[in-house]
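Asks: In case you want the letters, here they are:
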Amino acid sequence: MSALIELTELGFAWPGQAELLDIPAFTLQQGESLFLKGPSGSGKTTLLGLLGGVQKPGRGHIHLLGADLSSMSAGARDHFRVDHTGYIFQQFNLLPFLSVRENVELPCHFSKLRTQRAQQRHGSVSQAASALLSHLGLVDPALQARRADSLSIGQQQRVAAARALIGQPELVIADEPTSALDSDARETFLQLLFAECRAAGSSLLFVSHDQSLAPLFDRSLSLSDLNRASRPPEL
Amino acid sequence: MYLIRLALASLANRRFTAWLTVFAIALSVCLLLAVERIRTETRSSFASTISGTDLIVGARSGSINLLLYSVFRLGNATNNIRWDSFETIARDPKVKWAIPISLGDSHRGYRVMGTSRAYFEHYQYGRGQALQLAQGQTFADDPFAVVLGAEVAEALHYQLGQQLVLAHGVATISLSKHDDKPFTVVGILKRTGTPVDRTLHISLQGMQALHIDWQNGVPAQGKGRISAEQARSMDLQPHAITAAMLGLNSKIATFSVQRQINEFRGEPLLAILPGVALQELWSLMGSAEKALFVVSLFVVLTGLIGMLTAILTSLNERRREMAILRSVGARPWHIASLLIVEAFALALAGVLLGLALLYLGIALAQGYVQANYGLFLPLALPSRYEWTLLGAILAAALLMGALPAWRAYRQSLADGLSIRL
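Taken in sequence, the protein lines are chains A and B. Counting from 1, one number per residue, gives the positions in the first sequence under the working numbering. Counting from 1, one number per residue, gives the positions in the second sequence under the working numbering.
There's no promise every hint is true.
[As the list claims (entries may be wrong)] From the derived model, a few chain B residues whose C-beta atoms are all more than 10 angstroms from chain A: (1) N13; (2) W19; (3) S51; (4) L160; (5) N262; (6) A336.
[Stated by the list, open to error] Derived pair list, reagent style SDA-like, types lysine to any residue, alpha-carbon separation capped at 25 angstroms: (7) K56(A) to L413(B); (8) K112(A) to R5(B); (9) K177(B) to E121(B); (10) K112(A) to L3(B); (11) K56(A) to H334(B); (12) K112(A) to A134(B); (13) K56(A) to R5(B); (14) K112(A) to I4(B); (15) K112(A) to L8(B).
In case anyone wonders, no lab produced these hints; they're calculated from the structure. We put the beta carbon where it would ideally sit given N, CA and C, even for glycine.
Make a model of the complete structure from these sequences and hints.
Replies: So this is what it looks like as structure tokens:
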């Protein structure tokens, strides 16, 4: 396995504040699923922002698929992000005014690469969307044509997963996607997510504070162990 | 393009405020175009009230006053012209034709004008159009014949052969009526869109006959009264008229004839060039018309600012939408374009709805405006000037859309992918 993400001597601080992140080394292998435990305020959102290329590190390097994000322009980072990364957030992931299927197709409108991959694997973007939604348990075509905000939270998260996976990005970043789900739905969602990531060959970086999920992953890490800048918990 | 689809879908999601915004813009656009159209039509119908007449002659007063009462049937003459003065002027070799005008009576709010048959031959309006009869003929020898303007006939439902009684003075409700000397309708003129439509034309002899037994502004009583029958056999040559319209043999002579009349020794007279006086009058009304135009421009501006407010207030609640778009690959300039497209779509819908409202309004009000104000509003396609105005509104909307676009651009750079509530 080769490294998908490689962080070296990464440092980041918001303007006028002390350094929030100081990560000497971190790697994520291709096809690996990693559980990253990060309590709120640990700089987890900032780290995801850096991996997505929305922010630029103050020092050090971020290599994604061998390319150095820290030396790219903002536009190039945006391009790179959509081509190679799919995101799933905690809640309210979808544009309420679009249909379920249109929500899944969104990344393909901004990435030629993912459009091509979706076409190669499924014939067309809309077939890719339907297939992914079906795999994730949303088989009914009428449901796929409904407005996204008419679905339950659990269904919405599965739509978000389908969107993150369309066009087989190398990396799927999930930021507490299960925190709004009950424990049964949580497990089901994760199994579906693992299966689809495996099918697409994507690595999964899963960020959560719910330690009980950690055993389901290939590897589990804590951001506070990784980050030298994190203060010891005040007791 | 996909961005347009996204912007429209997002707008549709907020359709209540979106429609309100569109409606506000539509109303303002409709107002602007209506003002513009009425302005243009008023100006052109105003300028075409009279043509072919080289000079208007009246007792010495102001030129606008003279124009108002002789052409527009508004206001009153301060003094009359003696008949022999009129004859002297009419006999001048430089004068091709002369139309005498005698005013002062009315019929149910419409002015009565005494004149000669020369009026029907030489009076012109618009681009040199002569008066034409729709029915009947002009008055002949009988003094108690009347030729109606189109609007008078239509509004009062008069037909040929009908008898009507004229009232003394020009007040809408007149206490003294010439009810002993009824007139017969002998002709009805075609519509001209000028004050002619609102006039009853009688001969100077008829006018004289009406007042033949009047003394000091009141009719004679008892034995002094003269019946219509008696009047017919009397000498009905008028002693005075109110004004006269002149056509000259040569336009070059206009100024010398004007000077000649202004220096007339017999009595103080005033000759005006109708075109010049119309210009003067229009410049008086022009500032009101410009003010109206400016006001409607500001109404449009208000409509657009309403749109700007609606978009700006929506920005905060749409941070999540922006962040989702960013996470699926939209770049900050995509987000900015979305807002520009949104502003443009709102303005375009507003302009189109405004046009629709305008045409609906014109279609509904056309008849009423024509009947009551003598103004014909055509259901024509927008003129080039109107297109320019509409284009300017859209351009202004684009420009205004740049403000929320810039804010969303900054916001989406700062927010990134984080979508905390």
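Asks: Run the C-beta distances from S51(B) to all of chain A and say if the shortest one exceeds 10 angstroms.
Replies: The claim stands: S51(B) keeps its Cβ more than 10 angstroms from every Cβ of chain A (closest is about 61 angstroms).
Asks: Is the nearest CB of chain A more than 10 angstroms from the CB of A336(B)?
Replies: Check passes; 13 angstroms lies beyond 10 angstroms.
Asks: Regarding the pair K177(B) and E121(B), is the alpha-carbon distance no greater than 25 angstroms?
Replies: This hinted pair is violated, its Cα atoms lying about 30 angstroms apart.
Asks: Please work out if K112(A) and L8(B) have their alpha carbons no farther apart than 25 angstroms.
Replies: With a Cα-Cα distance of about 23 angstroms, the restraint between K112(A) and L8(B) holds, given a limit of 25 angstroms.
Asks: Please confirm whether L160(B) is truly not at the interface, meaning its C-beta sits more than 10 angstroms away from all C-beta atoms of chain A.
Replies: holds, 68 angstroms
Asks: Would you mind confirming whether the straight-line C-alpha gap from K112(A) to I4(B) stays at or under 25 angstroms?
Replies: The hint holds at about 19 angstroms.
Asks: K112(A) and A134(B): Cα distance at most 25 angstroms?
Replies: violated, 74 angstroms
Asks: CA of K112(A) to CA of R5(B), is that 25 angstroms or under?
Replies: holds, 18 angstroms
Asks: Decide if the proposed pair is consistent with the structure: K112(A) and L3(B), CA atoms, cutoff 25 angstroms inclusive.
Replies: holds, 15 angstroms
Asks: Assess, step by step, whether the Cα of K56(A) is no farther than 25 angstroms from the Cα of H334(B), and give holds or violated.
Replies: holds, 20 angstroms
Asks: Is the Cβ of N262(B) farther than 10 angstroms from every Cβ of chain A?
Replies: At about 76 angstroms from chain A, N262(B) clears the 10 angstroms cut-off, so the statement holds.
Asks: Going by Cβ atoms, does W19(B) stay more than 10 angstroms from chain A at every point?
Replies: holds, 15 angstroms
Checked against the numbered hints given earlier, the structure breaks hints 1, 9, 12, 13 and satisfies all the rest.
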